[in-house]
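Asks: Work out the full structure: start from the sequences and follow the hints.
Protein chains: 2
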Amino acid sequence: MANYIKKDFPTDNVRRFLEPGPIVLVSSAHKGETNIMTMGWHMIMEFQPSLVGCYIWTANHSFEMIRKSKQCVINIPTEDLAAKVVKIGNSSGRDIDKFAEFSLSPKSGTHVRAPLINECYANFECRLVDSSLIRKYSLFVLEVVKAHVATSPKYPRTIHYRGDGEFMISGENTSRYRKLFKPGML
Amino acid sequence: MANYIKKDFPTDNVRRFLEPGPIVLVSSAHKGETNIMTMGWHMIMEFQPSLVGCYIWTANHSFEMIRKSKQCVINIPTEDLAAKVVKIGNSSGRDIDKFAEFSLSPKSGTHVRAPLINECYANFECRLVDSSLIRKYSLFVLEVVKAHVATSPKYPRTIHYRGDGEFMISGENTSRYRKLFKPGML
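Read top to bottom, the protein sequences are chains B and E. Going by numbering that gives the first Met the number 0, the first sequence opens with residue 0, and the numbers climb by one from there. Going by numbering that gives the first Met the number 0, the second sequence opens with residue 0, and the numbers climb by one from there.
Honestly, I wouldn't trust all of these hints.
For chains that are exact copies, the list does not tell them apart, and a pair is met inside one copy or across any two.
Straight-line C-alpha distance at most 35 Å; calculated DSBU-like pairs for lysine-lysine [to be verified]: (1) 86 with 153; (2) 67 with 181; (3) 69 with 181; (4) 106 with 181; (5) 135 with 30; (6) 135 with 69; (7) 135 with 178; (8) 69 with 106; (9) 135 with 181; (10) 178 with 5; (11) 145 with 30; (12) 178 with 86; (13) 106 with 178; (14) 5 with 181; (15) 30 with 69; (16) 30 with 181; (17) 5 with 69; (18) 67 with 106; (19) 86 with 181; (20) 6 with 153; (21) 178 with 153; (22) 135 with 67.
Think of the hints as simulated: they come from the structure by calculation, not from any bench.
Replies: Here it is as structure tokens:
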């Protein structure tokens with residue numbers, strides 16, 4: 000597994016890593032317990048404040064932990080963690096301690112009590128800022144209040160879920176269309 | 000440009016193409032006018048009904064067209080269309096007819112009046128089913144009511160925006176983690 004060295008990253012630019020659509024791991028803590036869930040349904044909703052909408056199913060053990068603690072961390076795993084990502088998504092925190100079971104290292108954040116997953120490429124500390132859409136849509140509106148991103152490589156090799164057990168692995172990164180953008184539209 | 004042959008696709012499985020997070024083109028029609036916008040902020044919200052949440056900025060010419068017509072089409076472009084995707088995102092339907100300007104072919108849908116973009120790999124006809132989040136979050140909750148997907152290739156080579164003029168191009172597709180899933184979790 001990668002051992003990333005990370006630095007602070009501007010919260011209003013986390014779209015750089017979330018907008019391409021990777022599977023993420025969401026870590027949480029509540030009443031002395033921690034948990035991790037695998038999440039594929041998320042979207043950027045605003046740059047500033049840095050808002051991310053996340054679908055968290057009521058049946059997930061993390062659902063009540065995040066709803067009640069009003070905090071979590073969105074972690075970006077790279078392909079070296081793919082098997083663990085699947086296993087995390089196929090087990091429940093009701094039955095196991097996922098950090099221990101999958102040999103992942105919890106690391107303290109600076110703004111939330113939920114633990115960062117040290118082995119992930121990036122960690123976004125989040126606060127639940129709007130819980131009004133949870134009941135109807137299982138939609139948690141989170142604000143990224145602190146972002147930690149690996150200094151290298153520049154682009155993570157992320158995994159993107161297609162359903163039915165299939166993943167797309169992120170490919171080439173390119174700036175070759177950059178010249179077609181108007182300056183204000185970058 | 001690709002000339003895709005398409006067939007009907009189950010609406011409850013469009014996550015296959017949207018969950019990996021590609022940039023999409025959203026086409027609309029209202030009062031005799033058509034338009035296309037480039038969109039990067041979207042998420043699956045439900046399988047059945049097939050719901051997709053989309054962020055459409057108030058400044059987009061498409062905003063009022065979709066809000067008023069209550070319809071649109073989400074089109075999945077592949078890398079051969081990348082330059083057009085950028086140009087569409089950097090121009091306004093107030094000034095130009097984007098289908099004509101970018102030599103794209105509008106095709107009639109079966110469930111909505113908004114035109115499909117024939118050159119795209121997939122076309123998802125959508126109805127606006129919840130407009131209550133538009134005011135606060137510019138969030139349109141759409142239901143995919145009809146899906147058309149190319150019969151070949153199996154996996155589209157999609158483009159994923161990172162901001163700052165940079166794209167990630169979709170890479171390898173793999174089933175090698177499939178055996179780790181529990182049957183009910185696929």
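Asks: For the identical chains here, do residue 30 and residue 69 meet the 35 Å Cα criterion within one copy, between copies, both, or neither?
Replies: within (12 Å within a copy, 45 Å between copies)
Asks: At most 35 Å between alpha carbons: which applies to residue 106 and residue 178, within, between, both or neither?
Replies: Close across copies (30 Å), not inside one copy (40 Å); limit 35 Å.
Asks: At most 35 Å between C-alpha atoms: does residue 135 with residue 30 qualify within a copy, between copies, both, or neither?
Replies: Both ways: residue 135 and residue 30 sit 26 Å apart in one copy and 33 Å across, limit 35 Å.
Asks: Indicate which option fits the pair residue 6, residue 153 if close means a Cα-Cα distance not exceeding 35 Å: within, between, both or neither.
Replies: Answer is within: at 12 Å inside a copy they meet the 35 Å cutoff, but 39 Å across does not.
Asks: For residue 5 vs residue 69, is the C-alpha pair at or below 35 Å within one copy, between two copies, both, or neither?
Replies: within (25 Å within a copy, 44 Å between copies)
Asks: Measure nothing new, just compare the shortest in-copy and cross-copy C-alpha distances for residue 69 and residue 181 to 35 Å and report within, between, both or neither.
Replies: Answer is between; shortest inter-copy Cα gap is 30 Å, intra-copy 39 Å.
Asks: When no copy is specified for residue 5 and residue 181, does a C-alpha distance of 35 Å or less occur within a copy, between copies, both, or neither?
Replies: Answer is both; intra-copy 32 Å and inter-copy 34 Å each pass.
Asks: When no copy is named, should residue 69 and residue 106 be tagged within, between, both, or neither for a Cα gap of at most 35 Å?
Replies: So residue 69 and residue 106 pass the 35 Å test inside one copy only (18 Å; across, 46 Å).
Asks: One pair to classify: residue 178 and residue 153, alpha carbons no more than 35 Å apart. Within, between, both, or neither?
Replies: both (21 Å within a copy, 31 Å between copies)
Asks: Given a CA cutoff of 35 Å, do residue 67 and residue 106 count as a within-copy pair, a between-copy pair, both, or neither?
Replies: Within one copy, since 21 Å is at most 35 Å while 48 Å is not.
Asks: Within a copy, between copies, both or neither: where do residue 86 and residue 181 come within 35 Å Cα-Cα?
Replies: between (44 Å within a copy, 9 Å between copies)
Asks: Should residue 106 paired with residue 181 be assigned to within, between, both, or neither, using CA atoms and 35 Å as the limit?
Replies: between (41 Å within a copy, 29 Å between copies)
Checked against the numbered hints above, the structure violates none of them.
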